[in-house]
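Peer 1: Okay, here's what each chain looks like letter by letter:
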Amino acid sequence: MRVALFATCFNDTMWPQTPKAVVTVLERLGVTVEFPLEQTCCGQMFTNTGYAREALPLVERFADVFGAYDAVVAPSGSCVGSIRHQHGTVARGCARPALAERAEAGARNVYELSELLVDVLGVTDVGATFPHRVTYHPTCHSLRMLRVADKPLRLLRAVRGIDLVELPGADQCCGFGGTFAMKNADTSVSMGSDKARHVRETEAEVLVAGDNSCLAHIGGLLHRQRAGVRVLHLAEVLASTERDFAADQELGAVASR
Amino acid sequence: MSGTFIGMPAFPVAAREALDNAQQRRNLQHATQTIRDKRAAVVDEVDRWEELRVAGAAIKDHVLTHLDGYLVQLEESLTRAGATVHWARDAEEANRIVTALARETGTDEVVKVKSMTTQEIGLNEALEDAGIHAWETDLAELIVQLGRDRPSHILVPAIHRNRAEIREIFLREMGKVGTPAPEGLTSAPHELAESARRHLREKFLRAKVAISGANFAVAETGTLVVVESEGNGRMCLTLPETLISVVGIEKVLPTVADLDVFLKLLPRSSTGERMNPYTSTWTGVTPGDGPQQVHVVLLDNGRSDALADHVGRQALRCIRCSACLNVCPVYERVGGHAYGSVYPGPIGAVLNPQLRGTESPVDKSLPYASSLCGACFDVCPVRIEIPDLLVHLRTRVVDEKRGGLPSGEQLAMKGASWMFAEHTRWERAQRGAELGGRVLGKKDSIGRLPGPLSAWSDARDAPIPPGESFRTWWKRERGQG
Ligand code: SF4
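Residue numbers (my numbering), protein chains in the order written: chain Y, 1 to 257; chain E, 1001 to 1481.
Hints were generated in silico from the structure; no laboratory data involved.
It cannot be assumed that every hint is accurate.
Claimed, not checked - Straight-line C-alpha distance at most 25 angstroms; calculated DSS-like pairs for lysine-lysine:
| # | chain 1 | residue 1 | chain 2 | residue 2 |
| --- | --- | --- | --- | --- |
| 1 | E | Lys1176 | E | Lys1203 |
| 2 | E | Lys1443 | Y | Lys20 |
| 3 | E | Lys1176 | E | Lys1208 |
| 4 | E | Lys1414 | Y | Lys183 |
| 5 | Y | Lys20 | E | Lys1475 |
| 6 | E | Lys1414 | E | Lys1401 |
| 7 | E | Lys1038 | E | Lys1264 |
| 8 | Y | Lys183 | E | Lys1401 |
What the hints assert, rightly or not - Partner residues aside, some chain E positions facing chain Y, computed with beta carbon under 10 angstroms:
| # | residue |
| --- | --- |
| 9 | Pro1367 |
| 10 | Tyr1368 |
| 11 | Met1419 |
| 12 | Glu1468 |
To be verified - For the chain Y half of the interface with chain E, some residues (derived, Cβ under 8 angstroms), not all of them:
| # | residue |
| --- | --- |
| 13 | Phe35 |
| 14 | Leu37 |
| 15 | Glu38 |
| 16 | Phe46 |
| 17 | Arg61 |
| 18 | Gly175 |
| 19 | Lys183 |
| 20 | Asp186 |
Given the structure is predicted, the values throughout are model-derived calculations rather than measurements.
Cβ coordinates follow ideal geometry from the N, Cα and C atoms, glycine included.
Isolated chain E, as found in the complex (with noise of 0.2 angstroms):
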């Protein structure tokens, strides 16, 4: 369980007050534009797409269906090299054993390179709880963590933040824990970047630990592999003494061979870039050179549960590439904060409720957060089938609530489908609104409705039965089908 966002409310509540925070709508719109037409072109000049996307899902469903023999494997290559492997089921025991180790060095800070894994278990709360400082290092994540704000995309955290909104909280927060912001500090986007590498150095400098994730983990080696765009992340693997990795079980690649496939999928689709500028791989302790303690968490949390669901496992298949977000025209409405999670947008909808349950309010309703548009699977670089997810969730939420008292949607439903089972029920039915039509004559639609259909009728107008149905007309005009 992620002890993240919980106490949200069900999406519906929050995609409403998101709604009308009109700036944050306008710098998601701006932002998921930009990156979705950069994705586009580069996607586009990929002669072979289609069949890399093909080749992704393949490995991705290899692995999971062999997931217990690659673990092993990856467990041995590892501590051939020279690292330390830790398991843990859920948050709180890999909690437990990060902070331990980071505790162990007599340290009260770390460096963290941006990882969502240690954001799913909340690891920098944990860490706080122990009296150690966790400072992220990347850009974005640093202007969340600074606001004391949530991220609100998987790799652009600041996304609903503008330039201007940055700057007052470097002015504001920087002094706070570090090398201060410069006095005249601009809204200029150099400057901004300056300022945050000026306020970062310092703490990398000094830092004995740091933590990451791993985008993926290669089981025939042992090589661990973080992407990144800032360096900051080459700067946590590479300057403290110890480093600890956590990771999600089913980032596990067979062999080095297969990066080839996915580290052409991942930059394309997550910031529309050929290559990504920094692409670090360790394996194990080099005695003499970079971090001589490495311990790699290999976290569950969840993750065997979704794979044991047939149809749900796909969603494991995710390399957080974020092409599902900034295409779904939910989430550009909505932003981040309304999926309760550190996974948000079309990959959130299907991966909380299947890593969380559906208990709560908020893993109830997110299979319900989406049109169904289908626009998530056509750019997804490994083939989830998210729509078909979010419906097999659903099936899943309503089938939960089954045996107790019906409410009024499961009543509704079941007298539907029993009047649709017979074509005579039907029938009878359907004379009903050609009645309702008939008295209704002339008007051309419907304005406010009553009841629950005023969610409906809020915003739009209905529009009125005919006086007589398609099967009245066939029947007069045609006879017998």
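So that you can see chain Y by itself, here it is in the shape it has in the complex (with noise of 0.2 angstroms):
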């Protein structure tokens, strides 16, 4: 199978680990992974923020990127959910009838990473070890807009090693919401600051979600108070083998007793 990656414009500049683990991950499952160049972002920022023709050329030039393709997956609950749930309404908003049915079918095939594994390529094992306390935290656009359910977690309860302990108020938001965390800088953090509280309270040494975005809120919360939990992409995780671990098996043996 061939599948497309969409880094997405975020994880390309800030978190290259995360795409890279994507890349793994499928690899090791056989599937060919290609990554086209053109490619930029979803427009998600613009959109969000009522930029509606500002996202318009990024919206086109998506469907033109990746339209072809049977399979496109993103490592981004929140640009899936605006590829899917937006791209036609903001081409439909700026007059353009033809691209936004183009870019609605095209967004068919777009899925996050747990989709991808789960509902198309059907594995919930993919061969990772990775022996730490750790929690989830389900992101409201994974949860709401692309009402994953479970799947990340049945793929996290197939890793090896892995002490998954529930996060109290999982389903609550962070409070990041794109430029909301500057537009309301002062309820975003209030938000995110009952969230750290929650994640302090499983005791977990990684905090595990589909999005470096929220992650990056709540992982700069937990790093200012030097909570000493860091924050990890889901598709990192199941990246992760035996071999990453062999190191310090010993303290994996003591996380996860």
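Both chains come to you apart, so use the hints to assemble them.
Peer 2: If you want it as structure tokens, here you go:
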């Protein structure tokens, strides 16, 4: 199977280890990954801030670059949500009905990582090992826009050595919300602080989610608090194997007791 | 235009103040969590809840697309039943009509059952200016009125107050306007309720005029419906000689049978009850029984403007259950006052800019008062896509600003869009980030940042860009795409 990777602009620049991890996992499963270099950004930030006209060229570019693929994967619930749920609306709002149809048709083949693995490839055990105490934050757009339900959790449960603990108030928004984090910084931080407190309550070593933007927000708060909790994208946990942990087997044994 | 909360600062400013009020935050968190759990439990009992939601939305959409016809039918039915119908384009006109009707009776006081519509138009203040006292008779409304406060929740207007605060308000204020609170009043709920009951009873028995809203208005029969929990509504609707009901034009339902769906959806969504304690229906005048003068003021006040917006009109489906407030993480933290309207929370964030326009600072900022988490849509009994509406209204706010001197944000967005439109431009920009990452080297994050970025870094550390982007790595490792 051939799958095109949409790295997302944010991951491409700030968290290259996440798309790299997607490549690792998919290739381990025998999938051929392509990375069309003409890709840039899905336009989510523009759309959600009210700049539909500025998002339009990016909607068109996305349709041009990815329209021909049978499957496209992106390691970001919110970007996939925007592509699936908003690209058509943006095009229609800018009086481009033909583009809207093309974008919507293309969006049907775009999957968030856990959807591609579980629904398309039919895999829950991706052969990962991650011997640490982990808690999982479901992120609003994965949960309510994409309805990925428990797919990420099923993938995590199949990881060897993992000690997966429940996050209190998991379905509560972390308060990132794109430009909301800047425009309503006080409210955003208040929401994020509650999320960070719940993460600490779990005594997890690692907080996992499917969106690096939410993780940057929660992780930024945890880091400022010197909480000693790492944040990691789901893809990176799924990419980890025994070999990565050969050196710290002992730590793993302690953490997963 | 609503005169109620005019002059409010933009949402972020009002929110900051509210966030500093620790007592209010605790009260809100406790109250919303309690209602949230109750609602979830009773909704889970209903097998076909989703089908009910779909039915509710469909009925409302049908009415909204044929509103002109149904309103004429409603007027005919009401008139046939002995009621007098008045039409009000805006708040001012509605207040003028109601004030004149009350004056004609020669009274200087009216009793009121909680009505969002009359709060929206600032009726109490208009009556007060005309020398007529309007007494709110719902417990929570009474608390707000006596405390010279503003409501901060659709259903529980005094949600931001706790029992100790309520006791103080009762002791201090009740005596000034009627039967005082008993001297040894404690903050036990039954004592507070009893003192309110005694204070109100005197007013009910004396009042010649009552003012209400309506949850639903049935076009076929001219029947108005009020749903409530304390029985004060029933007292207002039956005791006085004159009843004046102010009803938003979007409240119409075609037939009595349609009530079936909404009387299931509403109490479960709002108070987490299977059925509300009191459902009062009245159809015009019944000789010798109840009010002998019935007036219905049908209010537009921006609703036609909302109706003209094909995306935005779904906000008019709202049945004011307040479920969206109770699940909203933003509302839970800042409370209702920051929204600058009697309609707070997620529905307020989309309804107010549609009813009032997007000129004032608060109405411009409301569509942004959300993290777009989507919890509001999941609970809305009439499936209003609030997150989509918020984005739609943000686009309206942005588009209205176009053409003048561009703001910093506009320039940034235009610049970024230009950059992303060509991957070669984007790659050039990325190389800057890579360079920055290499300069910052081994640090794992950045502390405080200057300028507008301080909005991020005041409380959160920022990640450092890596020395190599994914794209650069891919090209190096795998050659071309
Ligand atoms: S928008 Fe929906 S959930 Fe919110 S008050 Fe209206 S009907 Fe209830």
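Peer 1: Measuring from the C-beta of Lys183/Y to each C-beta in chain E, is the shortest one below 8 angstroms?
Peer 2: Hint holds; Lys183/Y Cβ to chain E Cβ min 5 angstroms, cut 8 angstroms.
Peer 1: When the nearest CB of chain Y is found for Tyr1368/E, is that gap smaller than 10 angstroms?
Peer 2: 5 angstroms, holds
Peer 1: Tell me if the interface restraint on Leu37/Y is satisfied: Cβ within less than 8 angstroms of some Cβ in chain E.
Peer 2: 4 angstroms, holds
Peer 1: If you take the shortest Cβ to Cβ gap from Pro1367/E to chain Y, is it below 10 angstroms?
Peer 2: 7 angstroms, holds
Peer 1: Given Arg61/Y as an interface hint, is its Cβ closer than 8 angstroms to any Cβ of chain E?
Peer 2: With Cβ-Cβ at 7 angstroms, under 8 angstroms, it holds.
Peer 1: Holds or violated: is there a CB of chain E closer than 8 angstroms to the CB of Phe46/Y?
Peer 2: 6 angstroms, holds
Peer 1: Starting from Lys1414/E, check that the Cα of Lys183/Y is at most 25 angstroms away, please.
Peer 2: Since the Cα atoms of Lys1414/E and Lys183/Y sit roughly 18 angstroms apart, the hinted pair holds (cutoff 25 angstroms).
Peer 1: Using Cβ atoms only, decide whether Met1419/E comes closer than 10 angstroms to chain Y, and label the hint accordingly.
Peer 2: Interface hint status for Met1419/E: holds (8 angstroms vs cutoff 10 angstroms).
Peer 1: Please work out if Lys20/Y and Lys1475/E have their alpha carbons no farther apart than 25 angstroms.
Peer 2: It holds: about 12 angstroms lies between the C-alpha atoms, which stays within 25 angstroms.
Peer 1: Please check whether Glu38/Y passes as an interface residue: C-beta within 8 angstroms of a C-beta belonging to chain E.
Peer 2: 5 angstroms, holds
Peer 1: Please verify whether Lys183/Y and Lys1401/E have alpha carbons no more than 25 angstroms apart.
Peer 2: 17 angstroms, holds
Peer 1: So if I understand the rule, the pair passes when the alpha-carbon distance is 25 angstroms or less; does Lys1038/E with Lys1264/E pass?
Peer 2: 15 angstroms, holds
In summary, the structure agrees with every hint in the numbered list given earlier.
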